[in-house]
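K.L.:
If you read the sequences in order, they're chains A and B. Going by the working numbering, the first residue of the first sequence is number 5, and it counts up by one from there. Going by the working numbering, the first residue of the second sequence is number 12, and it counts up by one from there.
The set of hints was computed from the structure by calculation and includes no laboratory data. The structure displayed is predicted, hence computed values, not measured ones. Treat the hints loosely; a few may be bogus.
As the list claims (entries may be wrong) - With the Cβ distance kept under 8 Å, some of the chain A side facing chain B (calculated, not the full set):
{"#": "1", "residue": "Phe23"}
{"#": "2", "residue": "Leu127"}
{"#": "3", "residue": "Glu148"}
{"#": "4", "residue": "Val160"}
{"#": "5", "residue": "Glu162"}
{"#": "6", "residue": "Gly165"}
Just so you know, even glycine gets a beta-carbon here, dropped at the ideal spot from N, CA and C.
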Amino acid sequence: MPATALLTSEQYLSLPEEFDQNGNRIKDELIGGEVVKMPPASHRHDRIKNRIKRLLDRHLDRNPHLAMESLVEMGAEVSKRDVFVPDVSLVKLDRCPEEERIFRGAPDLAIEVVSPSDTIKRLKAKVDTYLQGGANTVWVVFPESRSVTVYSNDLVRELKGDQTIEDPVFPGFSTPVSAFFK
Amino acid sequence: MPVTAVLTSDQFSALPDQFDKNGNRIRQELISGELVEMPPSFELHNVVKGNIVEVLIAFVLAHPELGLKVISEMAFVVTSNDTLVPDASVIRKTRLSPRKQKYTPGSPELAIEVVSPSDTAIHLKSKVDIYLQGGPKTVWVVFPDSRSVVIYSGDSSRELKCDQSIEDQLLPDFAAPVSRFFDLT
Chain A
5 MPATALLTSE QYLSLPEEFD QNGNRIKDEL IGGEVVKMPP ASHRHDRIKN
55 RIKRLLDRHL DRNPHLAMES LVEMGAEVSK RDVFVPDVSL VKLDRCPEEE
105 RIFRGAPDLA IEVVSPSDTI KRLKAKVDTY LQGGANTVWV VFPESRSVTV
155 YSNDLVRELK GDQTIEDPVF PGFSTPVSAF FK
Chain B
12 MPVTAVLTSD QFSALPDQFD KNGNRIRQEL ISGELVEMPP SFELHNVVKG
62 NIVEVLIAFV LAHPELGLKV ISEMAFVVTS NDTLVPDASV IRKTRLSPRK
112 QKYTPGSPEL AIEVVSPSDT AIHLKSKVDI YLQGGPKTVW VVFPDSRSVV
162 IYSGDSSREL KCDQSIEDQL LPDFAAPVSR FFDLT
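Extracted from the complex, chain B is given alone in its bound form (with noise of 0.2 Å):
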């Protein structure tokens, strides 16, 4: 591994973009005050992506007392070295004030994580750690290959598959079987 100053969150927010040879922007995370590239995902990772969206679009829209949104792939300023891009994000819409922030502050409520093939261990593992630090939260870390979930809340966590039903507290009433998000049809 390089020896690479760390960064701060700050730094990070003002760091200019960067492009690739093709013009399309570089993705970053900045993980434990260490840049981390997201390379481009494969189908496989935003079909499923696709499908968690989906259904957690549909029981925010049909609970609007929730007050609840659901976003694909916002920067959350977790601490002041960790800016997180989790896949999917389900926040309170109280916290968002999209003409006043750049980057959402704290955790999201919900994170979703669809592992690709490029992410290590160490990384995965630390934004679990990271996002979970900031309170009462939830993180799913989703296997495509497997077809499960693994979800953290707490100090707690458990797998779960096929047919299982997958369940929140942030949402009440809902559930979905856990091989809705791997339909690749």
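This is chain A alone, in the form it adopts within the complex (with noise of 0.2 Å):
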């Protein structure tokens, strides 16, 4: 590991976009200080992204009471040296940025679909930096043994096959983890 100094989320909230040699936007994340650069997605994790997006919609556009919104890989300042981009996130009405690019806290559910070069040391401070800042659940997804592993506070659990998936923070959301991975 090269020895740099660590960033605070406003010195990297500071910098400026790179692009790499065909001009697209370098993607990365601030963890633990430590700028990591996020990969292109496979297909395969943007389309499990893109359904769990739909299942989430599909129950917020029948329960407006809940006023939630999903938002999709929308930067999260969730502590002073961590500035993430989950996958997918569910957060209350009344806490979304409107004019903003970077959502302050944590999301009330944060979703993470794993990528092959993700290591465990690395996902494992993302799931505690979300739930010490202050979000309730964190889905961790897993594409290559279609499971869910959720976690909040000192609770472990994962799901398969036809476990159904819901969460305290989402009321009334209950679907089969099989359904991320049609």
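Fit the two chains together into the complex; they arrive one by one in their own frames, and the hints show the way.
P.N.:
What follows is the structure in structure tokens.
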């Protein structure tokens, strides 16, 4: 690991954007003060992310009284040393930033779809930081094993196949985990 | 990810040892038929592993009636495509046959994986799933950075931190505060 200075989220957010040789913006996150590049996601990763977003939105459309919104890859300043880009997040409407490009604090529900390059150490750090930052729940989605690990405080639950995923932060939502991977 | 042929555990077992340019043996595991290198572990990883092994050995020596043995870095042929090397394992002595078998068949009763910076989430997840397929087993995944242990057993899992006590049905009356694992003094 190279010895680089750790950044604050403020320093990180003031960095100019970087672009690769094809002019695509290089996506990264700040994890514990360290800038971590996010390699382009696979098609499967995107498909699962979009499917989850659709399932959440369907429930939101039917239940406007929940007053929540789903966001895709919305940057969140989770702590003074952490700026994450959850694949999908669910936040209360009154917390949604209209003008800002960054969401302050942890989303109420953060969803991360695991990529082959994700190390368990960084993934665990993100889960811990989301929960410490006020997230109620984090869903970690494993495309390979078609399972979801649900983290909330000290509870870790793994769901597979026809097991239904529900969340206190999202009342009424209930879907078999397999629906994420169809 | 490069497309490589999927190996069986038998093929893996028959591979000649490989060495790096310094003459050190390159350690590997077979995860779902894929060869995965195990880079040399950091000091933090080794100290934490040492702490855990010390606690477990003290326990099994004090309880010989359980017939258990604590072993570091032993290869287990868990399936025909998975040969895994947990950092530490607790296994029933009756399953050992060191003069007859090269690697131990099946999952250990308790597999302990100390997370390294290079471990990918997907490989670790696969390993936990594979260990648990082999019957009523337990896996401890140990996170040196967050000083926590996630315990997987059957369909349930929970995370323990700080002074929470780690226990296991395989080890009756065993109890150690999780913080003991992370004592670096």
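K.L.:
Each of the hints needs a verdict: does it hold here or not?
P.N.:
Here's how the hints hold up against the structure:
1. The beta carbon of Phe23 (chain A) is not positioned within 8 Å of any beta carbon in chain B (closest approach about 25 Å), and the interface hint is therefore violated.
2. Below 8 Å, beta-carbon pairs count as interface contacts, and Leu127 (chain A) has one with chain B at about 5 Å; its hint therefore holds.
3. Interface hint status for Glu148 (chain A): upheld, as the beta-carbon distance to the closest one in chain B is roughly 6 Å, under 8 Å.
4. The interface hint given for Val160 (chain A) holds, since its Cβ lies 4 Å from the closest Cβ of chain B, which is under the 8 Å cut-off.
5. The beta carbon of Glu162 (chain A) comes within 6 Å of a beta carbon in chain B, closer than 8 Å, and the hint placing it at the interface holds.
6. Annotation: Gly165 (chain A) was flagged as interfacial toward chain B, and the flag is violated, the nearest CB pair being 11 Å apart, outside 8 Å.
Hints 1, 6 from the list above are not met by this structure, while the remaining hints are.
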